[in-house]
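If you're matching them up, the sequences are chains A, B and C in order. The opening position of the first sequence corresponds to residue 1 in the working numbering, with each subsequent residue numbered one higher. The opening position of the second sequence corresponds to residue 1 in the working numbering, with each subsequent residue numbered one higher. The opening position of the third sequence corresponds to residue 1 in the working numbering, with each subsequent residue numbered one higher.
Please note: incorrect hints may appear among the correct ones.
Unchecked claim - To give a feel for the contact side, a few chain A residues facing chain C, derived at Cβ under 10 Å:
#1 Val92
#2 Lys117
#3 Leu120
#4 Ala181
What the hints assert, rightly or not - Below are the BS3-like pairs computed for lysine-lysine, each with C-alpha atoms no more than 27 Å apart in a straight line:
#5 C:Lys92 with B:Lys150
#6 C:Lys92 with B:Lys147
#7 C:Lys325 with A:Lys117
#8 B:Lys147 with C:Lys382
What the hints assert, rightly or not - Take a look, some chain A residues computed to stay more than 10 Å from chain B by CB distance:
#9 Asp35
#10 Pro59
#11 Met96
#12 Glu143
#13 Thr154
#14 Pro187
#15 Phe189
#16 Ile205
#17 Thr208
No lab work stands behind these hints: they were computed from the structure. The C-beta atom is built at its ideal place from N, Cα and C for all residues, glycine as well.
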Amino acid sequence: MSGVAPARGGRGRDDRERAAIRTGGKETMVTLTIDGRVAKVREGATVLDAARAIGVRIPTLCQHEALEPWGGCRLCLVDVTKKEWSGWEKMVVSCMFPAEEGLAVSTASERVVATRKVVLDLLLARCPEAPLVQSLAREYGIERTSYQENPEPTDCVLCGLCTRVCDQIGVSAISTVNRGAGKEVAPPFHEAPPDCIGCLACAEICPTDCIPYETSDLGRTIWGRRFEMVRCPHCGRAHITKEQATFYAGRGGVPESYFLACDACKRKQMAKTFTTLSLAK
Amino acid sequence: MNGQPCVNTAPLDEILARYPASETALIQVLQDVHRAYHYLPCDVLVKVAEVLDVPLAKVFSVGTFYKAFSLVPQGRTIVRVCTGTACHIRGANRLIEEIERLLKIKSGETTEDMGFTIKTVNCVGACAMAPVVIVGEQYHGSAQPAKVAKYLAETEAGHEN
Amino acid sequence: MRIESAAAYDEFHRRALDSAAAHRQEVLVCCGTGCLANGSMRVAETFTKELQARGLTAEVGNFTKRTGCHGFCQRGPLVVIQPAGILYTQVKPKDVAEICEKTVAGGTVIPRLLYKNPADNKRVEHYGDVPFYANQTRVAMRNIGKIDPTDIADAIGHDAYAGLVKVMFEMTPERVIGEIERSGLRGRGGAGFVTARKWRACRNAEGEHKFVVCNGDEGDPGAFKDRSIMEGDPHSVLEGIVIGAWAVGAHEGFIYVRDEYPLAVVNLTVAIEQARQHGFLGTNILGTGFDFDLAISRGGGAFVCGESSALMRSIEGKVGEPRQKYVHATDKGLFDRPTVLNNVETWADVGAILLHGAGWFAGMGTEKSKGTKAFSLVGKVKNTGLIELPMGMTLRDIVYGIGGGIIDDRPFKAVQTGGPSGGCVPESLLDLPVDYERLAEAGSMMGSGGMIVMDDRTCMVDVARYFLSFLTEESCGKCVPCREGLKQMLAIYDDLVAGRGKPGDIERIETLAAGMQLGSLCELGKSAPNPVLSTLRYFRSEYEAHIVAQTCPAGMCRDLTAYEIVPELCNGCHLCFKACPADAITGETKKLHTIHQEKCISCGACYDVCPTEGAVRFYPKNRPAENREAV
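Just chain A, with the same shape it has in the complex (with noise of 0.2 Å):
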């Protein structure tokens, strides 16, 4: 049977192309109002993108402009009308609902904003001692959870970014595991996982920054597993580990030594280059 598998992991790509992407390379602009104020995006954008553009503020977690939106917090949630549903609403994520013509949204109705305090009243009962939560919680006036507190409190909130980064990367070199209340973000077996680069793309894009690492020039360790740095030859700095040069060499098609020299003498070899080639004219 021949089923379409889709290609494994992505390549990253820049703003304009994901915002082409998105939109479809569409020229045609879209008049919608949130909460009474005018917004004219990109056919494509989504309503997100639109209240952005106006300067209007939806609190999110697990969006992030690098990566396809995922709809897992359900803090995003906004009303949306139009006028020929006849005052019938509907609650959304505007991090994925497409902004369309005519669309009406509202970011703080009653019940929206019932409903994002039922989610961080959640979560700060899973997650009570970080400070993201408690000061998004707070925004809403929740001092402490209403519900019972995680008996090993987690700073986790399972946003799933550190995941689907890696997915994006091209790695997957960790992912969630279990389902429901038991789901966590894990390496294979619970051990140190083997496809991991140590590229720490995942701790850096964690809301609340509970993925631990520490990284120096003699080494680099998460996950549980231990890197070993590459060296600048130009500066001596220990920037990159060997398993990313090894994988970026992999994708490119680049040689592994290209990426041996960290970006800012990358940048300083190649202003040389350009300098000697004006003065060769």
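Let chain A serve as the given structure and place chains B and C on it in line with the hints.
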């Protein structure tokens, strides 16, 4: 890996030969693996990841998401008690308690001699015969706690007990 | 032998009928999972042996057929002798010799094996006269119990694929979709979405590569109609799927069968192979040049995979996490291709609708819910089993008319419909006609068709807790309101049933319920509060008893209930002693028995087994001995 002994990979090779080498076959492969080995051994999962070209993390994710799979060795006979609604209101709890009492383990656990594992199942679709206990492949409808000892004794593992 | 024209089909059909007519009698033994659980396979094997031994074999015209589920599971193993239509119930292997001699050979009935109608205590000979069967209208289940599901010739003799033949040689895809639309067919898996709309959207979607999928996940505990259809008449499902594929322009399909239904997988596999051999599946179907083939995809054990987007991820080999469906599956579904996903029963209806016409189907049912629906009637009802009825029959008709009322004639309390997404309907609403809209208005829903009857020995707080416990294990964990909300809701209920309920709990439950309904990503989370809200709506007093008085009126919550034996009424029958799992009862035969409170776990087994009314009674655990009353 994981402190587990290496397993015989011959059954695995035979299973992998049956399916296309892609992600779509993953769950079917894992089910056949589970049937052959009575659980999902970790070195088997590593090989599955390799052959199907699926990241190991995703294989592990799938292996832990679905209830059909166990990552630790299970008993030779699985005792499944249905905990569907009809079975629940017709006394599934009492059945579970009786089985736990007789085997001296809790639901989800395996006896020391690896004879039995107790599992609960969220509905096997024999609701008109509630409550239902499945011992190995044998279905027992209108099951009664008083008869549990008999159901268990009818199995090989039961004879050894 | 491939069938490649309408004429070839008619010829095959005629020969199948002739071959069936050559049998003077048929012995049909139910081999659905329910009867198998009661040993019907041995009964079937014994019949084959006995009929042979007595020279009553196929040559002479007597024939044993192993069929799918007859539906009357409570009375299994079931055997029907045709053409007389004699129904024998609870048949044991040791009865087979007598049946062969007296009925098959001798043409007489054996009264003790006939169904006894509890309403008038009379034995009923013909299965058509058994109220359980007499009131049914079987469309999706039309052939189950009549055919051997592993014999395509038998199925064709009963009109299998006749609808497909008509469609492919006499109709256009647009006309097919029009017929389905006129029939009023709505999804039989739960949501009741208009089937034709889905098909049309997929047909019109961009892209050449489309899929049709059959949802055989049937996760609702208490429902088993899809299992019976897949096991008992897999060809009805295949026929519908091929028709659907042809109508929308799909060439590939999947039948997703949950892991817990191994016999369904086996019978479907056989049926698929036979369908391919006969030209109903594969390349050049019926010689028309249309290619379509499908594969079975087995589930891994996850209720959430009944949700269409999670199911598709599972077919793709991924975890069953649903996707937000702002883009419909009919545009981007399986492998991001346009996909039609329908329930087993929906597919099973399709062939019959196209064969007999939209008007025929639409002539049954109510204004907005046309046709028939399969239900599994289970729980504390006398006649449990699988039934198919026109939409619009009342719950009273079903529970009492077909179900025969409550076991031991205990008081009716509620009927739970729609599985974990549904709700409980109380006695005051027993005259509710059953259709999509009416059940939803009452705070429940149709769901898969599970109907679980509950009596006074059911605690409604415990029922809500049961569903929460079920869903907590089944939540995929992707979104906060469902993953965390179910956990916290269950924690509140664990407190309620243990006597730790506090004032304000009901308000907390209601706030959390609203958050889950509005905030969850998929229907699992959104409808999870339904059992909670419906039990609160109709049985609030039970909640208040648990919270304020710390008592359980039904006597089921163990932490709140104690049992005792009333000395004046105990006759020493010793049954409670035998039933007690905790060795908490002492007493000798014919002497007074006593329950020892320090060992008693309040399971209630003694209460349920005691034959003397009132001899065992329960009372609230927290009331002092002197001023307690039996609740």
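Structure-based check of each hint:
Given hint, Val92 (chain A) at the interface with chain C, holds; its Cβ is 7 Å from that chain's nearest Cβ, closer than 10 Å. Hint status for Lys117 (chain A): holds, given a least beta-carbon distance of 8 Å to chain C, under 10 Å. The interface hint given for Leu120 (chain A) holds, since its Cβ lies 9 Å from the closest Cβ of chain C, which is under the 10 Å cut-off. The criterion of a C-beta within 10 Å of any C-beta in chain C is met by Ala181 (chain A), whose closest approach is roughly 4 Å, and the hint holds.
Restraint check: the Cα-Cα separation between Lys92 (chain C) and Lys150 (chain B) comes to about 19 Å, which is no more than 27 Å; the hinted pair holds. Our distance criterion of 27 Å between C-alpha atoms is met by Lys92 (chain C) and Lys147 (chain B), whose separation comes to about 19 Å. Proximity of Lys325 (chain C) to Lys117 (chain A) is assessed by CA-CA distance (about 24 Å); at most 27 Å being required, the pair is judged to hold. As the CA atoms of Lys147 (chain B) and Lys382 (chain C) are separated by approximately 22 Å, the hinted pair is consistent with the 27 Å bound.
The non-interface label for Asp35 (chain A) is consistent with chain B: the shortest C-beta to C-beta separation is roughly 39 Å, beyond 10 Å. At roughly 28 Å, the least C-beta separation between Pro59 (chain A) and chain B is larger than 10 Å, which holds for a residue marked as non-interface. At roughly 22 Å, the least C-beta separation between Met96 (chain A) and chain B is larger than 10 Å, which holds for a residue marked as non-interface. With a least CB separation of 35 Å from chain B, Glu143 (chain A) remains clear of the 10 Å interface cut-off, as annotated.
Every CB of chain B lies more than 10 Å from the CB of Thr154 (chain A), the least distance being 18 Å, so the non-interface label holds. Not every beta carbon of chain B lies more than 10 Å from that of Pro187 (chain A), the smallest distance being close to 7 Å; the non-interface claim is violated. Listed as a non-interface residue, Phe189 (chain A) fails to keep its Cβ farther than 10 Å from every Cβ of chain B; the least gap is roughly 5 Å. With 10 Å as the threshold on Cβ separation, the claim that Ile205 (chain A) sits away from chain B holds: the shortest Cβ distance comes to roughly 16 Å.
With a closest Cβ-Cβ approach of about 21 Å to chain B, Thr208 (chain A) is found to remain outside the 10 Å limit, as its non-interface label requires.
In summary, the structure is inconsistent with hints 14, 15 from the numbered list given earlier, while agreeing with the others.
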